[in-house]
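Asker: Residue numbers (numbering that gives the first Met the number 0): 0 to 397.
No lab work stands behind these hints, which were simulated from the structure alone.
Where hints are given, some of them may not hold.
Cross-link-like lysine-lysine pairs, in silico, DSBU-like; alpha carbons within 30 Å at most [said to hold, decoys possible]:
1. K238 to K126
2. K4 to K126
3. K275 to K4
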Amino acid sequence: MTNQKRALFAAMSGYALDGFDLLMLGFILTPLATALHLTTAQSGSLVTWTLIGGALGGSVFGIAGDYLGRARVLSISILVFSFFTFLCAFSVGFKDLFIYRFCAGIGLGCEFGVGMTLATEAYPREKRARIASYVGMSWQFGVLFAALLTPFLLPYVGWRGMFIIGGLPAVASFMIRRTVPESQAFAEVKETGIPHFPLKALFHTVESTKRSLAILILSTVQNFGYYGIIIWVPSYLMKVYHFTLNVSGIWTAVSVCGMILGVWAFGEIADRIGRKPTFLIYQVGAIVTVLLYTMLRTPTELLVGGFVSGIFINGMMGGYGALITDLFPTYARSTAQNVIWSVGRALGGFGPMFFGALLVYMSFDTALKVLSGIYIIDLITTIFLIPRNSDARNADPD
0 MTNQKRALFA AMSGYALDGF DLLMLGFILT PLATALHLTT AQSGSLVTWT
50 LIGGALGGSV FGIAGDYLGR ARVLSISILV FSFFTFLCAF SVGFKDLFIY
100 RFCAGIGLGC EFGVGMTLAT EAYPREKRAR IASYVGMSWQ FGVLFAALLT
150 PFLLPYVGWR GMFIIGGLPA VASFMIRRTV PESQAFAEVK ETGIPHFPLK
200 ALFHTVESTK RSLAILILST VQNFGYYGII IWVPSYLMKV YHFTLNVSGI
250 WTAVSVCGMI LGVWAFGEIA DRIGRKPTFL IYQVGAIVTV LLYTMLRTPT
300 ELLVGGFVSG IFINGMMGGY GALITDLFPT YARSTAQNVI WSVGRALGGF
350 GPMFFGALLV YMSFDTALKV LSGIYIIDLI TTIFLIPRNS DARNADPD
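Required output: the full structure, derived from the provided sequences and hints.
Answerer: What follows is the structure, encoded as structure tokens:
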């Protein structure tokens with residue numbers, strides 16, 4: 000296996016774990032809440048606080064990745080994640096589970112940004128969008144695996160067993176990363192030295208501040224909409240349409256397949272027509288398809304609608320890694336990827352709580368219509384804050 004493929008595989012394995020862990024939590028929330036006597040608010044907050052831990056871990060590990068190396072920091076983070084995920088299996092109440100999830104989130108927060116930096120730096124610019132899309136797809140593979148595996152294993156191993164299963168692959172991921180060399184771009188910066196604190200590069204000039212703000216808004220909206228929908232859809236299908244746990248898992252898996260297709264297509268399209276126009280296409284698609292989903296009623300319609308809406312709701316994941324890599328200098332890329340994305344994901348983590356609060360006062364369909372409006376913020380941000388030269392072919396040299 001070449002060094003390029005090792006870097007890509009290392010990034011994909013960690014981000015797949017990220018996806019598996021968070022959707023698994025969505026499926027086990029009901030038995031978990033029953034066993035530990037959690038309120039609805041406490042159950043929803045577990046996802047939110049995992050992502051807030053991710054923001055802290057992503058920021059710290061992201062900066063460390065620019066100083067210590069991407070591969071080394073990824074290995075450390077996966078150990079943190081696996082240790083505290085195992086501890087979740089031994090929780091006796093909300094307080095200790097909350098602490099374990101928060102700490103696991105600290106390790107998990109590193110996976111996207113540092114892994115994405117490692118993978119995209121290993122390839123030339125003209126291939127970065129599709130490489131970023133492969134890493135983004137790995138999240139969906141993890142989610143798909145969780146959607147198919149959790150409903151079948153949960154009756155046999157219980158929610159405690161699922162936490163143990165969720166932490167086991169991290170050990171394999173750690174072994175994979177130990178063989179991954181640092182990128183040539185990082186080696187060159189290490190040799191010449193970092194000009195100043197990487198975090199400063201995010202807000203050093205008016206232009207860099209605009210870019211950082213744009214990515215923060217895009218990542219917040221992306222995660223707000225995604226988590227708000229994906230965490231509650233299984234429960235919605237079971238309560239409103241009386242789907243069994245297994246059938247709900249299959250329907251969710253079909254939506255995830257649409258997301259995988261969307262992420263892959265984003266990378267292919269963005270490397271051909273550019274990042275900015277591809278983002279705009281997907282943002283319009285998200286608004287339209289989420290609104291259409293609220294009009295569906297039969298199981299077949301929900302199956303097809305979930306697949307199509309999934310293409311646009313999470314397809315944009317295929318572009319963030321390449322966009323951030325192109326917009327920021329090498330010495331600050333790990334910081335930019337992790338800090339901005341992790342903070343955006345933490346803010347987006349309030350999506351499940353917000354959506355849950357809406358469901359108290361309105362129907363699921365109406366709540367979805369309200370949620371679809373946030374993608375208009377994405378459109379405005381992309382049009383006015385993302386520079387035209389964000390495409391790899393027009394970016395400044397490394």
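Asker: Broken hints, numbered, in rising order?
Answerer: 1
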